[in-house]
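Enquirer: Sequence:
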Amino acid sequence: MPLAIVEVQTDLGHVDTLKAIAEQHHAIDCWETGVTEDDRSTVRILVRMQERQGVLDAVQRTFSGSDNWRAVIVPVEATVPKPVAPTGHNEEASLGPAMAVKRITREELYQDVSERARLDWNYLMMAGFATLVAAIGMIEDSVAIVIGAMVIAPYLGPQLALGFAAVTGNKALLLRGLLVTLAGLAVTLVLSALMGLLLGPFDEPPTEILVRTLVGFDGMAIALASGAAATLALTTGRATTLIGVMVAVALLPPAVVMGLMLGTGAWEMATGAALLLAVNITCINVAAQLVFLSKGIRPRTLSEQAGARTSFALSFMVWVALLFILAWAIYRNTQAQGIFQ
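Note that the working numbering has the sequence shown beginning at 1, numbered continuously upward.
Don't read these hints as lab results, they were simulated from the structure. Beta carbons are placed, not taken as given, at the ideal position from N, Cα and C, and that holds for glycine. Heads up, some of the hints might be wrong.
[Stated by the list, open to error] With a Cα cut of at most 20 Å, we get these calculated EDC-like pairs of lysine to aspartate or glutamate:
no., residue 1, residue 2
1, Lys19, Glu7
2, Lys171, Asp112
3, Lys171, Glu108
4, Lys82, Asp39
5, Lys82, Glu115
6, Lys295, Glu107
7, Lys295, Glu23
8, Lys171, Glu107
9, Lys171, Asp203
10, Lys19, Asp57
11, Lys171, Glu268
12, Lys82, Asp67
13, Lys19, Glu32
14, Lys295, Asp112
15, Lys295, Asp29
16, Lys171, Glu115
[What the hints assert, rightly or not] Here are the in silico distance ranges between beta carbons for each label pair:
no., residue 1, residue 2, range
17, Ser66, Asn122, 51 to 57 Å
18, Leu194, Asn122, 18 to 24 Å
19, Ala144, Ser303, 48 to 54 Å
20, Asp141, Leu198, 16 to 22 Å
21, Gly128, Gln335, 33 to 39 Å
22, Glu304, Ala144, 45 to 51 Å
23, Leu132, Val35, 52 to 58 Å
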């Protein structure tokens, strides 16, 4: 049974209120740990993972008019004796089977997504290193080297940030996600174009390059699955390293091929890679927004929820409209080539 401690520091007079919140949300245990030098009391509430959000929301409602408080979530590896559900409380009945699984809170999601979408030198250097490795792998026609580049590519974070920002109405995070995405792609395109200029043109483009210039509906399905899997892994608190590789599969190779072909002057192949890149970015964001929405990710207050609904509606309509346009472009392209992938 996954557990966590919600630790709250606040004025002495609110201890009974916090204990009442713990009882209301069927906490396993609740205790006061002492008083700090500035006359604040620390109360720790031991809860199941799926109950963290309810406790946090209740705490925020209680102290929304005060600045003298702080809540911290601490994961619990184990506890002895084994926790037992409160008398008369059926976890499956009250939360439903789907809600009784491990999930992380809105605040934890924001922290995770925000950290992954940070524009700094580390991000830019990782994007550059991934680009160099991927370009060499494609020129050498080495699948193993290309896969290695995907492992270090940092493109998962900003894509998840875009989806999370849309469903929560966080404009600042949305702008940051766009900026980080554009910065990473700019590094990839510039470096790969320089490599194409220095090492090209290629008499017979390697297979690893050619397959990224042909766009089919199978590639769209891969991008949708990658975006959905990455978002699902994030919302359930599971490791996203392998999922990050899936997203890199969708974004890094076509961006590198686009740059290489621009550097060699192969405009038609560069256009094909650009179409694949646009399709993948669009599909990942559509899938991410749908998964976040299906998981019930939304702001806490009613006013914020109203703004988030508008933000989501506008963002989702833009992405879906772009997806239909790109799907039509894929259809026309495959028809012109006499194939239907």
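Enquirer: Please check whether Asp141 and Leu198 have a Cβ separation lying inside 16 to 22 Å.
Expert: For Leu198 against Asp141, whose Cβ atoms are near 18 Å apart, the range 16 to 22 Å holds.
Enquirer: Would you mind confirming whether the straight-line C-alpha gap from Lys171 to Glu107 stays at or under 20 Å?
Expert: At roughly 16 Å apart (the allowed maximum being 20 Å), Glu107 and Lys171 satisfy the hint.
Enquirer: Regarding Gly128 and Gln335, is the given constraint of 33 to 39 Å on their beta-carbon distance met?
Expert: Between Gly128 and Gln335, where Cβ atoms are some 38 Å apart, the hint holds.
Enquirer: Verify the proposed pairing of Lys19 with Glu7, using a straight-line Cα cut of 20 Å.
Expert: Between Lys19 and Glu7 the Cα gap is close to 12 Å, so the pair holds against 20 Å.
Enquirer: Are the Cα atoms of Lys19 and Glu32 separated by 20 Å or less?
Expert: Given that 20 Å is the threshold and the Cα spacing comes to 9 Å, the pair holds.
Enquirer: Given the hinted pair Lys171 and Glu268, is their alpha-carbon gap at most 20 Å?
Expert: Roughly 36 Å separates the two Cα atoms, so the pair is violated.
Enquirer: Would you mind confirming whether the straight-line C-alpha gap from Lys171 to Asp203 stays at or under 20 Å?
Expert: 47 Å, violated
Enquirer: Holds or violated: are the alpha carbons of Lys82 and Asp39 at most 20 Å from each other?
Expert: Violated, because 34 Å separates the two Cα atoms, which is more than 20 Å.
Enquirer: Against the 20 Å threshold, does the CA-CA distance of Lys171 and Glu108 hold or violate the hint?
Expert: Satisfied, since the Cα-Cα distance of roughly 18 Å is no more than 20 Å.
Enquirer: Hinted pair, alpha-carbon criterion (20 Å max): Lys82, Glu115. Please report holds or violated.
Expert: 34 Å, violated
Enquirer: Lys295 and Asp29: Cα distance at most 20 Å?
Expert: 27 Å, violated
Enquirer: Kindly confirm whether 51 to 57 Å is satisfied by the beta carbon distance between Ser66 and Asn122.
Expert: Check failed, 37 Å falls outside 51 to 57 Å.
The structure does not agree with the numbered hints 4, 5, 7, 9, 11, 12, 15, 17 stated previously, though it agrees with the rest.
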